[in-house]
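Residue-level listing of the chains:
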Amino acid sequence: MAHAIEFDQKKAWQGGESPFRMSYGKIFMWFFLVSDALTFSGLLCAYGFIRHKYSGVWPVAENVFTHFPFVKAHVPLAYVGLMTFILIMSSVTMVLAVEAGHRNYRKGVVIWLFLTIIGGLMFVGSQAWEWWHFIEGTSEGALRKVWDIDQGKYVEKTIYGANMLVNEYGVPQFANFFFFITGFHGFHVFSGVVINCVIFINVLIGTYERRGHYEMIEKVGLYWHFVDLVWVFVFTFFYLL
Amino acid sequence: MEFHDNYPVYETMYQHGEEDGKKVRKKLWRVFWILLGITLLELFVGFNATKWGLTGGMFLKVFFIFFTIAKAAGIVLVFMHLIDETKFFRYVILAPYSVFIIYLIFIILVEGTYTGYPENNTNLEFGYKQQQVDKRTEHGQPMPESLKHIKPSPGVKAHGGHAEEGGGEHHE
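As you go down the protein sequences, you meet chains F and U in turn. Heads up, the first sequence is in this note's numbering, so the first residue is 1 and it goes up one at a time. Heads up, the second sequence is in this note's numbering, so the first residue is 1001 and it goes up one at a time.
Just so you know, these hints were derived from the structure itself, not from any lab. Careful, some of the hints might be misleading.
[As the list claims (entries may be wrong)] Covered stretches of chain F (in silico footprint by chain U; criterion: 3 or more residues with CB under 8 angstroms from a CB of chain U, positions within the stretch not fixed):
(1) 37-50
(2) 202-216
(3) 221-230
(4) 234-240
The model shown is predicted, which means the values in this text are computed figures rather than measured ones. Note that the Cβ used here is the ideal one computed from N, Cα and C, for glycine as well.
Okay, chain F solo, but in the shape it has when bound (with noise of 0.2 angstroms):
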């Protein structure tokens, strides 16, 4: 239920207390967020400027994401929907967690941050999956000239999976700002799972109770929204535009 907290303005920033009417700890955290959403959009950004200067020659993304695991049949961008509902499961479970610890119940905070924990997990792993299908490529390659160190000069050669130089899809940028905007979103995720499994330590051995309040789930639980919100945003430009 919403809080409509409205303050005194002329006495809000004299100082003694919050004019934003939240700790100093959950203030940062948000301050944090906005300076990271910065740094993914400078990223995005760059790519969207890349992949519109090679517009003609970008691969779509229909035609190299249709890959599932353990099933041979072309689905576009199936297992990429499949990250996405892990993904806002896990945000569920972590907003259903500081809910729980809104009420001060325990065994509620302990469920849910488990099962944001283990979502967290699967979606590393399906990230992980995703990385080495796009590096082992696919049966047919595709012909590229490619730099031989013997003759030292560019041949032809046809090429399977991706590497840093050259890949089977298109352009090496497609490549690159895969490995780099995907893998620098899923290092968010992994640190977010890090996290989210000290707090759990936590709230096991009871700290917050001993505190009276659930405020880091609340915290923590930003930063693992944060980590969706971004996910939402590269999962449309990459994937669908």
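Add chain U to chain F, keeping to what the hints say.
Chain U alone, transformed into the frame defined by chain F:
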């Protein structure tokens, strides 16, 4: 580490009992279903974009960006509880987002298409599949006189057509 203002402890401000908890949880699950629905809709359109011939068009861009921002609003306002915060703080967070991120998206799409002479993309001679060949600028204008002097790279045909192989060595 314990810093307390005159105001009662901020950390316990949002604590509520079981009654309110039920209402809050219903709202959270409702927003989740909305987000899921939007994602499925986006995936459905993305899945069929090639079949419906929408690839690269303005409709797709507007469609996806609109729904992405809708999802982002749902997550930030409800899951991150921003809507429960002071109005001033909402502006503190949302104003940079709106200015830098949404405007940046818009300006990238509008201004990011200046590529000059497409044939000069040296990557074309590396054998990539060309989805479109255009000897005009990205905006559909004929190539301006000041740029016509730019010669295409060796191995690339000047006006349309596909890149020829065997253009000799390419020195980086």
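Structure-based check of all given hints:
1. 37-50: With 6 residues in contact (Cβ-Cβ under 8 angstroms with chain U), the coverage given for the region 37-50 of chain F holds.
2. 202-216: holds (count 3)
3. 221-230: Three-residue rule met by the region 221-230 of chain F, so holds; n is 6.
4. 234-240: holds (count 3)
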